[in-house]
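Go by the hints and put chain B onto chain A.
The residues making up each chain are set out below.
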Amino acid sequence: MERLRFATVGSVDDGKSTLIGRLLYDSKSIFEDQLEHIEAVSKRRGDDYVDLSLLTDGLRAEREQGITIDVAYRYFATPKRSFIIADCPGHIQYTRNMITGASNVDLAIVLIDARTGVIEQTRRHSLLVSLLGVPHLVICVNKMDLVDYDQAVFDRIREEFEEFASRLDLQDVTFLPISALAGDNCVTRSTNMPWFEGSTLLHHLESVYTASDDNRIDTRFPVQFVIRPQRSDFPDYRGFAGRVAGGVLRVGDDVMVLPSGLTSTITGIDSPLGPVEKAEPGDAVTLLLADDLSITRGDMICRPNNRPRVSQELEAMLCWMDDASPMQQNKIYSIKHTTNTARAKITDVLYRLNISNLHRETGVSELKMNEIGRVTLHTTAPIMFDDYHQNRSTGCFIIVDEATGQTAGAGMLLSPRT
Amino acid sequence: MKTSLSGLIDESVTIIREVAAEFERPVLLFSGGKDSVVMLHLAVRAFAPARIPFPVMHIDTGHNFDEVIEFRDRCVADMGVQLIVGSVQASIDAGRIADVTGPRASRNPLQTVTLLDSIAEHKFDAVFGGARRDEERARAKERVYSHRDSFGQWDPKNQRPELWGIYNGRHRQGEHFRIFPISNWTELDIWSFIAEYNIDLPSIYYAHRRPVFRRDNMWMAVTPFLQPEANETVVEELVRFRTVGDATCTAAIESVATTVEDIIAETSVARITERGATRADDRMSEAGMEDRKRTGYF
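Protein sequences, first through last, are from chains A and B.
This note's numbering puts the first sequence at residues 772 to 1189.
This note's numbering puts the second sequence at residues 448 to 745.
The hints are simulated quantities; they were obtained by calculation from the structure and are not laboratory data.
It is possible that some hints are incorrect.
Below are the EDC-like pairs computed for lysine to aspartate or glutamate, each with C-alpha atoms no more than 16 Å apart in a straight line [claimed, not checked]:
(1) A:Lys1102 to A:Asp1172
(2) B:Lys604 to A:Asp1094
(3) B:Lys604 to A:Glu835
(4) A:Lys1049 to B:Asp457
(5) A:Lys1116 to A:Asp1172
(6) B:Lys570 to B:Glu471
(7) A:Lys1049 to A:Asp989
(8) A:Lys1049 to A:Asp1025
(9) A:Lys1102 to A:Glu1173
So here's chain A without its partners, still in its complex pose (with noise of 0.2 Å):
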């Protein structure tokens, strides 16, 4: 069965954590000594309502504050699709946790309240979400049943999102008029919205194609791990593990290898359950070649004839996530690229992107906890990389702060701008 990743993100109180209480319950995705726990607890508070956004508030800061802190993962299936539900915190100081969530989903939801339309977070967060390169999307404009089922009001911010999104990156958007808390358009559709044609939010994320979301043209291979087992019933078996980035590679296949250049034939590929004959994007897979050549962890394994960029300047959108210190020019850092680490400067900030009306601020040396920027960086290794938008495996990296360890800064790297 197929698996869909997806994040829930919007503003704080646009009914994430409703919302997926909502799928949750309307799927019998909730147990029963899950729903006795957070009906004693919204009663022991005096709600007029069972709280479903308790199920994914865990944490005790969470539940005394009644906001998220951190991101939930949530599961549950249907006879189509199992799901993985990653609820994003809608708090602009929580950004970087909800850049976590949402930066491997295969689908992001946006939730608007009917009653105020598009606001900075929905701006914001739906600016991350293009930057993130997440290829689906869905807009909820929620909370119907508060404007009367209405839709005149569904258009109009419809048409307002519209008008912003035209600036951003965002390649499949869907919208859809629903009650997370009343249940119009999640699971069954409503039949207080005659006017709306389209189909509930499950059936679509049960149905939305995400074959062709993969690259399956650039082969990548990031080698992780050299297996070589010292027993004497196998003694020549050098097997080079790691997991697949891009293309699909097959036994036979020429592959050459980078930084160095050399070029060698696969002959064999042994997965987790046993040998295959060919690997697509994201198996993990141990790769045996025909020549003896010297692989090491952080090589990368690609085709002659089709190479990743080698470099060790860089360009990227960073998104700064430290809140101990701000991140500053020519300070060395760390940088971790598909399965490489090496040494980093961030030589310029040729711009800060205001997140809220896109506009590019000049003149700026450093970016503060939540900002964004597009910068050039210099590495002490060569770095081996495709565009974001090409391929987000290999277009992706994490700056670490040597000092403290803090993950401090997310980037996709970019083509240097011509």
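Then chain B, alone, in the frame of chain A:
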């Protein structure tokens, strides 16, 4: 060769290899419970045909089901892995912790001290755990690479961002990471894996007759470590264990499931979570797990 579990297996295997590549002294926590059994099988597959490049460790409260210890020893022998046992009894004897007494005493919370002492003693810097995010609401919040400070504490309000499939294991001397490679597996995924790859488990996971008594609406097994109180009647019931932990705080459920297929059928229609049905330790408070995890629990 593609199965419904392929994506999960790929993710877990990648995490396990990444840790082996980047940390100096990893260890895999192995209790003989189903999640740790699946995790160990994934580790074996991650490095095959080489042997797994780290030992396994059991934090032993001394209050075990015999079937589980027998299984544990057989399993590590079959797989040729090194087993380290961290003993709660030894911690008590050494005066590191005081034993708990009374009819409802459980050594379960004492494990944290033994675990942290064992990590320090062996200088482990990465500790694989078989926790799953679908188990419990605090676990649903935890990163795959979960940082522990030099006191072994988790700071849930200040977790490191964790993006894409890039994991940051950088730490200072004395700190360590808990690593959860099967974070995204559900209880049903675990059973599907056990069925598909014929994984051997301790016999108490399958329905069997055993003397039990009712406590807090759960069936507790009579063992040398857990005796009924005066008003609790012992009866023999057909039961199985949905989770396996310390014998004093792990309850059985009524079940006729004697095969993996039966268990999958039961799990598919279960209306209560596995920990809710069987773990006295999680019922202690609204944030029982979070509080224990903060101080260094599994």
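Legend entry - Numbers of the earlier hints that this structure fails to satisfy, in rising order: Failing hints: none at all.
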